[in-house]
Amino acid sequence: MLKKSTYLNAFAGCILLLASACSGQKSNSFKPESSLVATIDKNFTESAAQYKVLMKNLTPYPDQFPKNYNAKANKLVTSGSDWWCSGFYPGTLLYLYEQTKDQALYQEAERMLQVLEKEKNNTSTHDLGFMMFCSFGNANRLAPKPAYKDILVTSAKSLSTRFNPKVGAIKSWDSKPSNFIVIIDNMMNLELLFWATKVTGDSSFYNIAVTHANTTIKNHFRPDYSSYHVINYNAETGAVQERKTAQGYADASAWARGQAWGLYGYTVMYRETRDKKYLEQAQHIADFMLNHPNMPADLIPYWDFNAPNIPSALRDASAGAITAAALLELCRYTDKEKSKKYFTSAETMLKTLSSATYKAAPGTNGGFILEHGVGHLPQNSEVDVPLTYGDYYFVEAMIRYKNMR
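Sequence positions in the sequence shown follow my numbering and run 1156 to 1560.
No wet-lab data here; the hints were simulated from the structure.
Yeah, the Cβ is synthetic: ideal placement off N, Cα and C, and Gly gets one too.
Each hint should be verified, as a subset may be incorrect.
Stated by the list, open to error - Calculated lysine to any residue pairs in the SDA-like style (CA-CA distance at most 25 Å, straight line):
hint, residue 1, residue 2
1, 1399, 1538
2, 1399, 1329
3, 1256, 1194
4, 1273, 1212
5, 1207, 1258
6, 1300, 1269
7, 1331, 1277
8, 1211, 1229
9, 1557, 1258
Unchecked claim - Derived CB-CB ranges, DEER-like:
hint, residue 1, residue 2, range
10, 1214, 1463, 40 to 46 Å
11, 1265, 1201, 19 to 25 Å
12, 1277, 1298, 21 to 27 Å
13, 1332, 1405, 26 to 32 Å
14, 1302, 1200, 27 to 33 Å
15, 1226, 1262, 47 to 53 Å
16, 1445, 1298, 33 to 39 Å
17, 1262, 1192, 36 to 42 Å
18, 1296, 1491, 27 to 33 Å
19, 1304, 1218, 20 to 26 Å
20, 1389, 1449, 33 to 39 Å
Input sequences plus hints: build the corresponding full structure.
Written out as structure tokens, the structure reads:
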């Protein structure tokens, strides 16, 4: 285990590397298109209005979080604060407030944070990164408060209780005692742990994140750098018992959102550690996705790259949004050739998502921004509906693109 001073020295070195990397970004010549920036500014205004519609629709459910919208029944589907998506609604509100300075959005975010706070003590889920860092993390970034810091550190401690050193991973889903289930989505929860080490000096959070990422590289990925969705480890020995899917088409298929989670997660891993193996992993995943023969020309992927009914298979706007956000960070770290490809690919994704095909007309879609998300098709759950995480990463991707000016 790293001593506190050792970690802080390493962190200082990472800051220097980051500064060096940022200074070298000029050679990559990121030039956001003025027309797309104008579209994004319009999107922010319209998205703020949409979320006021969503706020109104949520009024009858003051302690609930928006989950999706059933257009046929004209009904908002909600969840409790313990649902893995609970952090995305306040997180999106805060992103939109940051762009529009609309106080109504900020006030609604603060209201929802009060409902969400109790989940800091939730040790039954691996999704505290999604739930707490996308919400309280953004709140603390915009207006730092000791209370936010305490909530986030407590959340990191709760997440850490699910780590098994024998397996070398954080448990995703609870099962029978001999099983230790880990899903690729869990890569998205590690950013909270890195943040916790930075603010506390406690390297245990950092070490858990790195160990989990290394175990995932070893066992989740195939030779072509596509990812299994689910790995079932033996809880006592750490041996892999099963490689399978839950939300994808088949055990051996490449579930699109799972690939996006891996891409985003390993990009974060490189940012936080500057270990080149994570950069290489992120690049391999990006190249697998972008070069896949079943990737559509508009770069919004089918819900699974191996869906049997392509080209009639459903697209997943949420996977496109997550991928765009990830690529707009990854392009900052790569060589000039890859950088250009990742940047222009993300640009295409944003243009597509901003079109009438995916972006809902004002006042429609229950107040959500994007249409055509696919949650869990094998269980016929949240199929071809708006999804809170699709909105969150779409707004994040637009902010990242605009900030590249």
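Here's how the hints hold up against the structure:
The straight-line distance between the Cα atoms of residue 1399 and residue 1538 is roughly 21 Å, inside the 25 Å bound, and the hint therefore holds. Between residue 1399 and residue 1329 the alpha-carbon distance is near 16 Å, which keeps this suggested pair within the 25 Å criterion. The straight-line distance between the Cα atoms of residue 1256 and residue 1194 is roughly 18 Å, inside the 25 Å bound, and the hint therefore holds. The straight-line distance between the Cα atoms of residue 1273 and residue 1212 is roughly 24 Å, inside the 25 Å bound, and the hint therefore holds.
Between the alpha carbons of residue 1207 and residue 1258 the distance comes to roughly 11 Å, so the proposed pair stays at or under 25 Å and holds. Restraint check for residue 1300 and residue 1269: satisfied, since their Cα atoms lie roughly 14 Å apart, inside the 25 Å limit. Proposed proximity of residue 1331 and residue 1277 is supported: the alpha carbons are some 20 Å apart, at most 25 Å. Of the supplied pair hints, the one linking residue 1211 and residue 1229 holds, its CA atoms being roughly 14 Å apart against a limit of 25 Å.
About 22 Å separates the Cα atoms of residue 1557 and residue 1258, which keeps this hinted pair within 25 Å; it holds. In this structure the hint that residue 1214 and residue 1463 lie 40 to 46 Å apart at CB holds, the actual value being about 42 Å. For residue 1265 and residue 1201, the hinted distance range of 19 to 25 Å is satisfied, since their beta carbons lie about 23 Å from each other. For residue 1277 and residue 1298, the hinted distance range of 21 to 27 Å is satisfied, since their beta carbons lie about 24 Å from each other.
Residue 1332 and residue 1405 have their C-beta atoms about 28 Å apart, which keeps the hinted 26 to 32 Å range intact. The hinted range of 27 to 33 Å is satisfied by residue 1302 and residue 1200, whose Cβ atoms lie roughly 31 Å apart. As the Cβ distance of residue 1226 to residue 1262 is approximately 28 Å, the hint placing it in 47 to 53 Å is violated. Residue 1445 and residue 1298 have their C-beta atoms about 37 Å apart, which keeps the hinted 33 to 39 Å range intact.
Look at residue 1262 against residue 1192: about 28 Å separates their beta carbons, and that is not inside 36 to 42 Å. Remark: the range hint 27 to 33 Å for residue 1296 to residue 1491 is upheld by a beta-carbon distance near 30 Å. A C-beta distance of roughly 25 Å is found between residue 1304 and residue 1218, which places it inside the suggested range of 20 to 26 Å. With their beta carbons about 34 Å apart, residue 1389 and residue 1449 fall inside the hinted range of 33 to 39 Å.
In this structure, the earlier hints numbered 15, 17 are contradicted, and the remaining ones agree with it.
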